[in-house]
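K.L.:
In case you want the letters, here they are:
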Amino acid sequence: MKRYKGAIIILAVFITSFTACKKYETFPIDQVNINKVFDPLDSNGTNAQAYLISIYGILLKGHNRLDGSDYLDAASDDAVSSNAAALKTPTLLSTGDYNSGTFSDALSGPQTDNLWAYCYGGIRQCNIFINNIGVVPIKDVVNSNGKINGIGVSERYILQSEARFLRAWFYFELVRRYGGVPLLGNTVYTVTQNVALPRNSFSDCINFIVNECNAIKDSLLTNPLSSSANYGRVTKGAALALKARALLYAASPLFNGGNIDPSNPLTGYVGGVDVTKWQAAAQAASDVIALGAFSLDTINYGRDVFLTQNNPEVIFVVLNDNGANIEKEQAPPGFPAAKGIGETSPTQDLVNAFPMLNGASIGAAGSGYDPNNPYSNRDPRLGNTILYNGAPWLQTSLQLFQGGQNEPNNGQVESLTGYYMHKFMGYSETTATFQNHNEDWIAFRYAEVLLNYAEAENEYSGADNNVYAALVALRKRAGITAGSNKLYGLPPMGSVSPDSMRNLIHNERRIELAFEEHRFFDIRRWKIAGDGPAVMNQPRRGVIITTSFGANTYTPTTVLPNIFPGTFTSKRYLYPIPYDEVAKNPQMKQNPGW
Amino acid sequence: MGYCYLKKCFAGIIILTLLYSTTYAALRDTTYKAAVKTAGLVTGVVVDENNRPVKGAIVSVKGKPISAETDVTGNFSINAAIGDVLVFTYVNHYTSEIPVTSNTELKVRMLDRYLQTRDQADVLYGTVNTGSLLGSMATIYTNQLTTTPATIYEYALPGQMAGLYTQQNSGFTNPANQNALTSFLGSSPIIVSGHGYVPNDNTEIGITVRGNGQEGGATTIIDGVQENLSSIDPESIESISILKDALSTVLLGINGSKPILLVTTKKAQAGTPRISFTTQTALQQSLGMPGDQVSAYQWAYLYNELLDNEGKPELYTTADLLAYKNHTDPYGHPDVNWEKLLLNNYSPLTSDKLNVNGGSEVAKYTISLDYLDQGGIFKQAPNVDYNSNLNLSRYTLNSDIGVKVSKNLSVNLQLFGQVEQITSPGASYSNILSTIESTPNNAYPVYNPNGTFGGSSLASSFNNNLLAMSEYSGYQITKIHNILVNMDLDYDLSDITKGLSIKVKANLASQSQILIDRSYENLAYQYNKVDSSITYSPEGTPSAITNTFSPTVTATTSFEQASLDYNRQFGKNGVSAQAFYDTRSQVLTYDLAAITTDRALKADYNYEGKYFVEGVGNYSGFNRFAPGQQNGWFWAGGLGWQMAKENFIKDNVDWIDSWKWRATYGQTGNDNDAGYYTFKQTYGNGSAPAYYFGLGHPGAYTSDGFTETTPIANPNETWERARKFDVGADISLLKNKLQITADYYHELYYDLSVTSGGDIALLGASYPSLNIGRRLYTGEELTVTYQDHLGDFNYFISGNGTIAASKVLYFDEEKQPYPWMQQTGLPEDVIFGYVSDGFVTAQDVKNKIAAPAGYTPQVGDIKYADLNGDGVINQYDEKPIGNLKPLVYYGTTLGFNYKGFSFSAIFQGVFNRELNTDNSYVNGFSGLGFFGTGEPGQAYENILNRWTPETAATAQYPRLYFDSPNNLFSTFYLKSGDYFRLKNAEIGYTLPASFSNRLHLSGLRVFINAENIFTVTAYREFPGMDPEVNGQGAYPIQRVLNAGLTIKL
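Chains as they are written, first to last, in our numbering: chain A, 1 to 594; chain V, 1 to 1049.
No lab work stands behind these hints, which were simulated from the structure alone.
A portion of the hints provided could be inaccurate.
Here are the simulated DSBU-like cross-link-like pairs (lysine-lysine), alpha carbons at most 30 Å apart as the crow flies [said to hold, decoys possible]: (1) A:Lys339 to V:Lys529; (2) V:Lys312 to A:Lys339; (3) A:Lys571 to V:Lys879; (4) V:Lys529 to A:Lys589; (5) V:Lys848 to A:Lys571.
Please model the entire structure based on the sequences and the hints provided.
P.N.:
The following block contains the structure:
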């Protein structure tokens, strides 16, 4: 036996060391691959829907967006950032203190408004969804309100259409900032593929957005929604509203006839003014109106549009939490129990844009405007939009005079202009602290569609009945008194030139849509930021109020003083393409002047 | 409090051991008394530090050609007369000279040299003759480690090895929870997931070898196994080597690009038990704490000046200033030096170590017990009954047993266990330290008149009282448990063919780290006094005491290796070959195991010990790469020539003892930057923005959302590679008194995983790192050592220096608009910044010099050079301004030994190093203010040298202004980071054998040593800044003064 000993030991060693044992998986089982997200066996499509939801989460919410504290309108002539010394993003944008290098991708995102990489991030996610949702056998068929030619549409195609809407919207956010941008189609690029793509023309981009809206409009949910659980999803109304807005921009002077580089198809249409573009824009807006699904919300002169969900004016909303975050950044300082910072200071020019209660502008003869009591008898929208000296707030009246409770001059951030923003805020006039309220960001609402329509229709066919109807509806809702001619302060029809009607519509748009991220783009597409009135080359103004024995004195003042005039040159109508993108991509053409 | 009992138990073991062994030593001492006296012969015995006989020591009579050698019992007899001087020499021991005074038997003790020169060198997975070593390495031995009083052995490395650069970044170990906790309260610690994180108990000393910051540090190999364990008692370490070239590291295969820090612990040695007990106590003193905070009065005055400069109303009235100045209102106008109030000047560090070593040729053992306790700098409240200070205490037990099972088979088993506990204040030490540094003296009073904690609403960092944070915030305990089992089997197969053997190694290591959090936050009150009515308004977000338990890391590592060795001499031809198969698996927390596998073949040949050739090939792989792309070939080769053995030297030049030329070249790999299965695109939920549909908040359908994981997958992911060339010489001259080692290296790293400069945003996702980077590292290293003796006075001096240059060759950098913005071609750690050009003058203002857009420069601001001449200072005006020259670092070790007295000192220094000092110390008020982006910070006395119209000629800092471009990083804040330290020194005395034997001890040594004794820095304007540890909230570097004694039985 002894001579087998060695062999037995060796055998024993082999058996113990090579007995099969199951090892770990070769790829971690917790890592989700694409088949699990777009699961061909999941008839509920749970993960696929969660994927789409994450794309909704990318949508911009305008509240406190820039630097997490300011509204984009603080970069227009409507407001300034109260924290001007710190060179915050709105101040940089407002004064032109940026170049293609500071617009680098590293600093991009909603907080800086350099949305190049951010939007392409959204587009990538949309494309992944659009390409893959087809394999998910979601069993629902939406009959009641999603129809193509009367036939029910499978839920998965509705979801796909929603993703296509979101993609079109990301493109629109790019186009209105940068002009024509590269269109990626449905391609989801990998790191091994060449992404050095050229820009598509402005015209291509608008066509893409419009065609997409046309293609998907009938495979989306329709308003009114059959289920409140669907609130927040893209609807047909949203697709038509996006199309109307895109066509309005395309028809506007900056792109239509006023191209800053007349032969450059990237920055606008080449050639002269094409008035039919206004016609298309008017038609698109009237298509939304014709749906008959939306109307103006009349509660508190429209203030509740932003505070109550599912009101009839909402076309598309980016859902947000309940809270008092707007107040925390924008409400006046000086209340220890309800601390506000007052980041965005509305300008005197915006305040002056609000007419009197009778609809007359403050400068008009017989308007009734009293420079020593400037806030009385005004359009109710002034109070809803702006907090001024004496306005009720937190169970008191605001003291915005020098040294007053809400303008204490103690070194902390406070209004530069003598005004604070009020729009979007809850009913904190009568409570001791801020009340939490709905903070959804309303991206499309019916009032804008009416204004889009009025503007386009006025350009194409003049101040006709339809234009008047739209404006009257808005002014009536705003609480302006009807007047004997029932025109709510509008000049009698026929008495007004198209130019002054245009100014009237522009002004109406300014006050109705204040702080809703419109003014910043409107002054560009109208080409009035650096040309004509050159609103961005005027100093931003505010008011200094001094009080003596109960009598207030209102003295105009200039804020953001040392940078005007002449800083808004034509290149600033469009953002620079981020420097990195041009440096890395030989096909990428920079915008003119940058 | 089981920990306290452990301490008592530990002390009991030591006392029992010592008591028992004392008697044993006394008994044993009689064994040497048997020498036979013969007339004319001097006899005696030579012993070592442990009182063990030394065999082979040479005894000679000075001036006469007579010599003898000691036998196995250490005895010698030599023909010498009274009046002769006997000279005792023994390799790696100090020479001693003893006059013959009488006929009595001599007892001579030989002491270990501080610097050792060994015949055998430990290399990766083996030991080789130093003479045949072709790689580039530097080694230090036990004595060079034990003079440094510290918690981890890395403290002993600075300045001692050529090529190795250290940068200390903290003076105290970092409990892992400090990193994991996002803020100290209200959030539970995040469990550390693997994905590249390696648990490492060295969080204090950063190591860079050969200037390579890209690969980051060195791989630590302890006794042949990769372990990140630094908390080993230096006395149980035999040697630490740094292996730098490709040939030395290629056996690690896909992991072999990093240099290796090779730690070899002391193995069991046969013989009677050697028991050594060392106890030492040290005082630690913080260096680099600023200490020169401006008073509350000065702060308020300066703040007003700043507001004046900004055109804003002053914050402090004249009455305020007077109150600060005269301290008339300690509550309303406090003046608190928080640093003095909260921090101790000295903190203790103690350690006790017991080592037992002995056994027979059949079975030998070594056991060591080690206890260490390090205190932190925070003061404690007398009325708090728990430890709120930072504290580290650690017990280590290490045992090694070697058994020769049969003639051919020997087995070695090592067991290592460690229990470590780190206590830290509930508010976390880095948070407290950074708040101390940033809180002005006038922020708030310590206590209010009613006994509540003071606080202020002026800034959010004033909401929480600092005293409450540091002494009344509860505590956090990190517990770390380490277990390591190491088994080696060595089977001699000489029966099959001579020189063949087989080795099997198995290792299992387990580390777990848990956190117990019992912290809380107190309410602070702002003291308001209006006229005579006093009110207190609460500040802060108080929280009750939490009691949470969470595992933060668990790591299990196993390593198995089998190797076949063949080693034989055929006449003049020496041949050896080795084949290896090994696999290492590391499981971190809940990750899949990371498995590295090597299959290597090594062969070398030498002729007459004169010409050497060596080659290694290693087919090595890592399991986190895509299937089919996991394995690759790594190889290295070396040539050597022992020139001194050539006849033309051997016969002609007698002062050359050894002159070996060596050169190696190889290709190594690094899988360190591999992601966690990132070759395949995955999707995750939770990372996407949350969203919901439906009415209400939240709406009806809530979801975290699913989204693509970013960075997106890189299907071509692979390991990084390097081609390394090293040429050097090892020279020994003047009877080995002078030794020189010199190296030149040229290391090209390629396929480096870097962020590509070509990452176009149209992709719509963040790019993964791509294997496209190329960097070049070159440098020279030189070590010169001289050792000799003048009679009993043995002295040594050793110096080393390194010049390390790096160059970024490629990373697909985007085309920059101006050539000076390009980084390609520059050193990897180049610093970019603006070029400052003094202060703005009135003339400059008139000339409207270039300034950042939107800012009009004022007199007293920093002036910047407008490199592109466009009239605006912006990113186009930033250029490389620092770290452009190769880094030079050096160290010197010197000392002597005279009749048992020993002295050693280590100097260490760096030059061509540059520092960014644009930090909150140097910039008054932390560069922040009420009026915008931040909160007012503390100011230090350097701010008194600010620019004012009166001091325009002598100002060292710009005028006070918030948010001004004065805080842009420019050459103004770029300072020399050169420094020179007396890093370490020790004075010791080994009592004469006669004396210690009378105490029934084998040996007794007392010593005093110290660390960071003095530092000369090139940058002196700001005294509070240490050249190494200077970040806000960093635990300060410590000067340590240590005294102890070693008893040998």
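K.L.:
Does each hint fit the structure? Answer for all of them.
P.N.:
Hint check results:
no. : hint                 : verdict
1   : A:Lys339 to V:Lys529 : holds (22 Å)
2   : V:Lys312 to A:Lys339 : holds (22 Å)
3   : A:Lys571 to V:Lys879 : holds (28 Å)
4   : V:Lys529 to A:Lys589 : violated (64 Å)
5   : V:Lys848 to A:Lys571 : holds (25 Å)
Of the hints listed earlier, the one the structure fails to meet is number 4.
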